[in-house]
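Visitor: Each chain is listed here by its residues.
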Amino acid sequence: MNSKNYSPWQLWSLVLLRVAIGWHFLYEGISKLMNPDWSSLAYLMDSEGWFEGLFHSMAGNPSLLNVLDFLNIWGLILIGAGLILGMFTRIAAIAGMVLLAFYYLSHPPLVGATYLIPSEGSYLWVNKNLIELITLWVILLFPTWNTVGIDRFIFNKYRN
Amino acid sequence: MSEKSQNDPGSSMKRRDLLKGFATLPVVGAFAYGAWRKRRQDHLRNHRLIRELNMSTGDLEYKRYAHDGDAIRLGIIGYGIRGTQLMKAAGFVQPETIRDWKESAEKDSRDTRYEEFLGQDDLNVVVNGVCDLFDVHAERAISAASNVGREGPGGSMEKTPKRYRNYRELLADKDIDAVIIATPDHWHANMAIDAARAGKHIYVEKGLACTAEEVFAIRDAVRESGVIFQLGHQGRQTESYIKAKEAVDKNLLGKINLIEVCTNRNSPNGAWVYDIHPDGNSRTIDWKQFEEPCETKHPFSAERFFRWRCWWDYGTGLSGDLLTHEYDAINQILGMGIPESAISSGGVYFFEQPDHYVNEVREVPDIWNATFEYPHLNFALLYSATLANNRDRGKVIMGHDGSMELGNSLRIYACPESTRYREKIESGLIQPDLPIYTYIPGRKNVDGVTTPTEQYFADRGLLYTYRGGRRVDTTHLHIAEWLEGIRQGKQPSCNIDQAFEEGITAAMATMAYREGRKVYWDREKQQVV
Numbered sequence: 046m047n048s049k050n051y052s053p054w055q056l057w058s059l060v061l062l063r064v065a066i067g068w069h070f071l072y073e074g075i076s077k078l079m080n081p082d083w084s085s086l087a088y089l090m091d092s093e094g095w096f097e098g099l100f101h102s103m104a105g106n107p108s109l110l111n112v113l114d115f116l117n118i119w120g121l122i123l124i125g126a127g128l129i130l131g132m133f134t135r136i137a138a139i140a141g142m143v144l145l146a147f148y149y150l151s152h153p154p155l156v157g158a159t160y161l162i163p164s165e166g167s168y169l170w171v172n173k174n175l176i177e178l179i180t181l182w183v184i185l186l187f188p189t190w191n192t193v194g195i196d197r198f199i200f201n202k203y204r205n
Numbered sequence: 355m356s357e358k359s360q361n362d363p364g365s366s367m368k369r370r371d372l373l374k375g376f377a378t379l380p381v382v383g384a385f386a387y388g389a390w391r392k393r394r395q396d397h398l399r400n401h402r403l404i405r406e407l408n409m410s411t412g413d414l415e416y417k418r419y420a421h422d423g424d425a426i427r428l429g430i431i432g433y434g435i436r437g438t439q440l441m442k443a444a445g446f447v448q449p450e451t452i453r454d455w456k457e458s459a460e461k462d463s464r465d466t467r468y469e470e471f472l473g474q475d476d477l478n479v480v481v482n483g484v485c486d487l488f489d490v491h492a493e494r495a496i497s498a499a500s501n502v503g504r505e506g507p508g509g510s511m512e513k514t515p516k517r518y519r520n521y522r523e524l525l526a527d528k529d530i531d532a533v534i535i536a537t538p539d540h541w542h543a544n545m546a547i548d549a550a551r552a553g554k555h556i557y558v559e560k561g562l563a564c565t566a567e568e569v570f571a572i573r574d575a576v577r578e579s580g581v582i583f584q585l586g587h588q589g590r591q592t593e594s595y596i597k598a599k600e601a602v603d604k605n606l607l608g609k610i611n612l613i614e615v616c617t618n619r620n621s622p623n624g625a626w627v628y629d630i631h632p633d634g635n636s637r638t639i640d641w642k643q644f645e646e647p648c649e650t651k652h653p654f655s656a657e658r659f660f661r662w663r664c665w666w667d668y669g670t671g672l673s674g675d676l677l678t679h680e681y682d683a684i685n686q687i688l689g690m691g692i693p694e695s696a697i698s699s700g701g702v703y704f705f706e707q708p709d710h711y712v713n714e715v716r717e718v719p720d721i722w723n724a725t726f727e728y729p730h731l732n733f734a735l736l737y738s739a740t741l742a743n744n745r746d747r748g749k750v751i752m753g754h755d756g757s758m759e760l761g762n763s764l765r766i767y768a769c770p771e772s773t774r775y776r777e778k779i780e781s782g783l784i785q786p787d788l789p790i791y792t793y794i795p796g797r798k799n800v801d802g803v804t805t806p807t808e809q810y811f812a813d814r815g816l817l818y819t820y821r822g823g824r825r826v827d828t829t830h831l832h833i834a835e836w837l838e839g840i841r842q843g844k845q846p847s848c849n850i851d852q853a854f855e856e857g858i859t860a861a862m863a864t865m866a867y868r869e870g871r872k873v874y875w876d877r878e879k880q881q882v883v
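Line order of the protein sequences matches chains A and B. All residue numbers for the first sequence refer to the working numbering, where the first residue is 46 and numbers rise by one. All residue numbers for the second sequence refer to the working numbering, where the first residue is 355 and numbers rise by one.
Hints are all accurate, no fakes.
Some but not every residue of chain B turned toward chain A, in silico, with C-beta under 8 Å: (1) D371; (2) A377; (3) T378; (4) L379; (5) V381; (6) V382; (7) F385; (8) A389; (9) R393.
With the C-beta cut set under 10 Å, the calculated list includes, among others, these residues of chain A facing chain B: (10) Y72; (11) M79; (12) I129.
Straight-line alpha carbon distances no greater than 25 Å define the calculated SDA-like cross-link-like pairs of lysine to any residue that follow: (13) K49(A) / S365(B); (14) K456(B) / S102(A); (15) K368(B) / N191(A); (16) K392(B) / N80(A); (17) K392(B) / L78(A); (18) K461(B) / N111(A); (19) K49(A) / D371(B); (20) K77(A) / H397(B); (21) K368(B) / L59(A); (22) K456(B) / H101(A); (23) K374(B) / L185(A); (24) K374(B) / N201(A); (25) K461(B) / P107(A); (26) K374(B) / L61(A); (27) K374(B) / V183(A); (28) K461(B) / G98(A); (29) K368(B) / N201(A); (30) K368(B) / M132(A); (31) K374(B) / P188(A); (32) K456(B) / M103(A); (33) K77(A) / Q395(B); (34) K461(B) / F96(A); (35) K461(B) / E97(A); (36) K77(A) / L788(B); (37) K368(B) / R135(A); (38) K461(B) / M103(A); (39) K461(B) / Y88(A); (40) K392(B) / W119(A).
Hints were generated in silico from the structure; no laboratory data involved. Every residue gets a Cβ at the ideal spot worked out from N, C-alpha and C, and that includes glycine.
Modelling step: build the complete structure from the supplied sequences, incorporating the hints.
Guide: Okay, structure coming up:
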């Protein structure tokens with residue numbers, strides 16, 4: 046679908062959704078960057094479900110943990126900035142979905158799973174990570190960056 | 355529209371292009387402004403609070419105790435559960451245990467016992483003599499002491515220590531400089547006194563002794579001999595207690611009026627109903643020597659030998675075993691010494707059924723509470739223990755201005771009715787339901803604003819297990835401190851004066867229970883009455 050076919054309301058509501066998700070990613074990344082004590086260790090150790098062994102072993106390897114922390118922080122920041130500015134948006138949306146899939150799979154809200162990290166709501170199978178992931182999919186399938194976003198210059202430059 | 359743009363449709367397109375392309379750019383500006391304000395506010399609050407409290411920030415340095423010069427030659431008296439742990443802390447573990455640790459670590463990467471043991475400092479000691487009345491324990495002690503390479507079975511075993519069947523022979527050995535005593539409590543006094551007279555430095559497990567008379571006798575002997583003495587309260591090495599002392603010294607709690615300490619356990623093992631070793635019998639155990647200090651003699655009993663803490667002949671139950679740890683932690687922080695009076699009560703309320711035992715039901719209580727009064731300091735200390743429920747009640751020091759919760763981590767909360775913090779509470783700088791000060795060992799910074807999640811993990815030991823600051827065994831540090839004291843001729847942190855206060859306080863609580871009365875300490879005459 047081409048964003049030129051959207052009505053202005055459709056276009057700007059999609060942009061708003063994109064920017065809001067970008068804001069969330071960016072602040073998650075920035076707040077971790079600003080906290081010198083932050084580490085994904087506790088989160089990974091708290092994993093349950095299908096892949097808990099994998100996530101626990103990530104936590105058990107200090108050098109891997111450092112790499113993961115770095116990738117997570119800068120991944121969140123770049124994805125967030127990309128979604129807000131509409132810059133390399135397609136890549137940002139896909140990377141965001143991958144990150145959210147990791148979060149979801151490490152802490153799936155299964156029947157019987159209990160997590161130490163307190164959750165702020167009540168979830169069964171579907172949680173906010175999954176919803177944000179699906180929303181990013183929608184963002185990906187309904188492009189707005191060719192109209193509102195820096196991608197307009199990067200990818201549309203020679204199109205007209 | 356300007357004239358120019360009317361005449362130049364390309365320029366208008368370009369401007370619209372630019373406007374739309376960069377339409378979300380102001381969002382980045384708004385974000386940057388919001389993030390900066392939030393960070394500044396958190397920083398200011400934290401900074402103001404820390405400055406207000408005047409507490410030091412940052413972790414304690416990992417201080418390595420000196421272990422230079424000649425090797426110190428140790429003798430080990432008692433190689434049961436605690437003796438094994440002390441030998442490990444000194445650097446000696448049986449090859450079979452090393453093998454088990456290695457196998458377990460291969461199955462579960464979170465099991466770091468082997469890795470941690472290998473990382474433990476070499477304290478430059480040798481074990482030249484061991485003594486245990488049970489043959490199996492004695493053989494194990496020899497095997498651990500010989501395992502200088504810290505290897506599994508088949509490794510190089512050398513420097514086999516001599517086995518002594520009586521501790522007095524071990525004390526007569528000229529190739530022994532210092533002894534670690536980890537026997538049942540009824541032997542502590544005789545052994546410590548004899549060791550002091552033989553000029554051997556002493557590390558003795560808590561509780562120091564069973565009666566006040568024994569405590570006086572040990573103090574006299576240690577003082578006369580001048581040997582380096584350490585009582586086995588490894589909590590002296592716990593970082594959070596050292597920080598707690600700083601907080602109390604800086605009067606963060608205001609006038610302290612009540613201290614609550616607890617023990618909560620819920621298993622036969624925790625209640626000292628230990629397994630009886632299948633090879634423990636009258637041929638492998640020197641029973642006669644075991645009950646030598648006892649007034650009442652009993653026929654051989656493997657149950658009494660292995661579960662000695664359950665009978666008054668050999669120990670003082672909760673008082674000597676667990677009250678002493680809690681008391682020493684608080685004494686380390688407040689330095690309050692011996693109370694003016696002690697009362698205590700309790701009973702055998704859970705492990706009262708004969709089917710918990712082989713032949714005899716225990717004598718010492720499994721539910722026991724004691725109150726210590728300090729009228730000269732205007733506060734009371736409560737100790738409450740159950741061996742049949744392990745709900746964690748923690749340690750709390752309560753003052754007019756705040757409360758301190760103590761464990762591996764430390765949290766201080768302002769009291770809503772505090773005088774000192776009233777203005778700050780009213781201005782919103784301090785929220786009584788959030789800690790004004792948090793200390794979690796292993797974190798790089800101390801702050802006034804810590805998320806509940808972090809506290810949750812810290813208390814479960816998850817936050818700093820695998821990364822950054824290494825985790826060290828406090829018993830290892832406690833032994834290392836004692837050895838440094840021997841090398842440098844200085845008394846360590848839990849020296850004979852601290853031990854004396856612990857011993858008298860515990861003896862007073864035991865007397866109060868057994869004699870059913872209030873027991874007093876006459877500070878002038880230095881007497882228990």
